[in-house]
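J.: Sequence:
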Amino acid sequence: MLDHLKTNNRVWARRKVSDDPDFFRRLMRQQAPEYLWIGCSDSRVPANEIVDLDPGELFVHRNVANLAPPQDANYLSVLQFAVDVLKVKHVMVVGHYGCGGVAAAVDGKRRGLIDHWLHPIRETFDKHRHELDQIADE
15 MLDHLKTNNR
25 VWARRKVSDD
35 PDFFRRLMRQ
45 QAPEYLWIGC
55 SDSRVPANEI
65 VDLDPGELFV
75 HRNVANLAPP
85 QDANYLSVLQ
95 FAVDVLKVKH
105 VMVVGHYGCG
115 GVAAAVDGKR
125 RGLIDHWLHP
135 IRETFDKHRH
145 ELDQIADE
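Taking the working numbering, I'd label the letters of the sequence shown as residues 15 to 152.
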């Protein structure tokens, strides 16, 4: 069922070693990324690829709709680890157009558990709906 992913991984690994024989040896050491990327889980936004960084160069935290809630232990743990342990120099909060999570938060439909996660977006949308309605679509 997942054979194509295994094959893709082997091809990718061979290509990496062919391009740089020490690539995996360097990755075995402690990572030392300069950047923490806080972004959306959207499969169309592959963090490393769109900024052209190799594994080990970008520490990544992703979730639906790119939220950074102050009560989320996962997000806070990633942030603390990145800053205190990895000593990243830059924290990037990266959004994108056409976010399905944001669309789901504001379309008025109820979906279950995800509604709890998206509540801060819905609440902000409701509070500022008049101003948002004044913005012309691009």
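Honestly, I wouldn't trust all of these hints.
[Said to hold, decoys possible] The calculated label-pair distances, taken between Cβ atoms and stated as ranges, are:
#, residue 1, residue 2, range
1, Arg40, Ser91, 32 to 40 Å
2, Arg40, Ala117, 33 to 41 Å
3, Pro35, Gly114, 34 to 42 Å
4, Arg29, Asp140, 42 to 50 Å
5, Gly114, Gln45, 26 to 34 Å
6, Lys103, His133, 15 to 23 Å
7, Asn22, Leu146, 38 to 46 Å
8, Asp140, Arg43, 42 to 50 Å
9, Pro83, Arg29, 35 to 43 Å
Just so you know, the hints here were simulated from the structure itself, not pulled from any lab data.
C-beta atoms are modelled at their ideal positions from N, C-alpha and C, and glycine is treated no differently.
J.: Are Arg40 and Ser91 spaced within 32 to 40 Å by their CB atoms?
T.: With Cβ atoms ~26 Å apart, the hint is violated.
J.: Just to be sure I understand the hint, the distance between the Cβ atoms of Arg40 and Ala117 should be within 33 to 41 Å; is that true here?
T.: Since the Cβ atoms of Arg40 and Ala117 sit about 40 Å apart, the hinted range of 33 to 41 Å holds.
J.: Assuming the hint says 42 to 50 Å, is it satisfied by the Cβ distance from Arg29 to Asp140 or not?
T.: holds, 49 Å
J.: Using the beta carbons of Pro83 and Arg29, state whether their distance is inside 35 to 43 Å or not.
T.: Hint holds: Cβ distance 39 Å, inside 35 to 43 Å.
J.: Take a look at whether the Cβ-Cβ distance between Lys103 and His133 falls inside 15 to 23 Å.
T.: Roughly 33 Å apart at Cβ, these two residues miss the hinted range, so it is violated.
J.: Is the hinted range of 42 to 50 Å satisfied by the C-beta distance from Asp140 to Arg43?
T.: holds, 48 Å
J.: Are Asn22 and Leu146 spaced within 38 to 46 Å by their CB atoms?
T.: Because 41 Å falls inside the window, the suggested range holds.
J.: Does the hinted range 34 to 42 Å hold for Pro35 and Gly114 at CB?
T.: holds, 41 Å
J.: Between Gly114 and Gln45, is the Cβ distance one that fits in 26 to 34 Å?
T.: holds, 30 Å
The structure shown violates the earlier hints numbered 1 and 6.
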